[in-house]
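Undergrad: Here is what each chain is made of, one letter per residue.
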Amino acid sequence: EPEVTQTPSHQVTQMGQEVILRCVPISNHLYFYWYRQILGQKVEFLVSFYNNEISEKSEIFDDQFSVERPDGSNFTLKIRSTKLEDSAMYFCASSAGANTEAFFGQGTRLTVV
Amino acid sequence: AQSVTQLDSQVPVFEEAPVELRCNYSSSVSVYLFWYVQYPNQGLQLLLKYLSGSTLVKGINGFEAEFNKSQTSFHLRKPSVHISDTAEYFCAVTLNRDDKIIFGKGTRLHILP
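Protein chains in written order, with my numbering: chain L, 1 to 113; chain P, 1001 to 1113.
It is worth saying that the hints were derived from the structure and are not from the lab. The structure displayed is predicted, hence computed values, not measured ones. Built from N, CA and C at the ideal position, the CB exists for glycine as well. Just to be clear, a hint being listed does not mean it is correct.
[Claimed, not checked] Below, simulated DSSO-like cross-link-like pairs (lysine-lysine); rule was C-alpha separation at most 30 Å, straight line: (1) L:57 <-> L:42; (2) L:57 <-> P:1105; (3) L:57 <-> L:78; (4) L:83 <-> L:42; (5) P:1105 <-> P:1058; (6) P:1105 <-> P:1049; (7) P:1069 <-> P:1105; (8) L:57 <-> L:83; (9) P:1058 <-> L:42; (10) L:42 <-> L:78; (11) P:1069 <-> L:78; (12) P:1069 <-> L:83; (13) L:83 <-> P:1105; (14) P:1069 <-> L:42; (15) P:1069 <-> P:1058; (16) L:42 <-> P:1049; (17) L:42 <-> P:1105; (18) L:57 <-> P:1069; (19) P:1069 <-> P:1049.
[Unchecked claim] Covered stretches of chain L (in silico footprint by chain P; criterion: 3 or more residues with CB under 8 Å from a CB of chain P, positions within the stretch not fixed): (20) 34 to 47; (21) 66 to 73.
[To be verified] Per label pair, the in silico range of CB-to-CB distance: (22) L:60 <-> P:1008: 32 to 40 Å; (23) P:1009 <-> L:13: 40 to 48 Å; (24) P:1066 <-> L:101: 15 to 23 Å; (25) L:11 <-> P:1068: 18 to 26 Å; (26) L:5 <-> P:1018: 31 to 39 Å; (27) P:1026 <-> L:97: 23 to 31 Å; (28) L:51 <-> P:1003: 23 to 31 Å; (29) P:1086 <-> L:10: 18 to 26 Å; (30) L:50 <-> P:1069: 25 to 33 Å; (31) P:1046 <-> L:53: 24 to 32 Å; (32) L:62 <-> P:1042: 22 to 30 Å; (33) L:113 <-> P:1008: 32 to 40 Å.
Make the full structure from the sequences, and use the hints.
TA: Below you can see the structure in the form of structure tokens.
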């Protein structure tokens, strides 16, 4: 069964460092998303990406965040200068179309120290 | 703006007893509704979805949910829970003109022996 894969599963970084979280969405999907879940809290929308551009972003997704689909398979989330409050589980998701089921990866746990 | 409310942060239930996890949403336009499950230390998995048609939706692992437009609810039910159902359950909504999913805060289902 096709699945969304995320690497690494756990990343520890120092405050102020740049991190790149990687995702391989399901191959025939067209919509890609990043969500985050701070420990013990709800899953929050960060950004959606369609047709090689951001289609929507939340207020969390400020200038420190960026997304890229550098080739036909990867979808990355970059945080330029990490802060302690960026520590969270980051989930990548993809869907075949708008309003259809989104498939989520297993997540990357980012710990900023 | 749309929102999702899960009133119960935790629900303790005895094994083999029935359970209902409540979800209410608010939106001025048509919505699509989902329930996702997050098992300990894992990602998000779709339990079931309502896009259109029959208001009673059956999902995996014996769960079902009923869409009630007049009460703007989408409660999740299972007639007999098992210890393996211990997880966090997230109700989610997406608008029919949008693609991002908005999640509720989650309900932790705690199965008592």
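Undergrad: Please write out, lowest number first, the hints stated earlier that are contradicted by the structure.
TA: 11, 12, 21, 22, 23, 25
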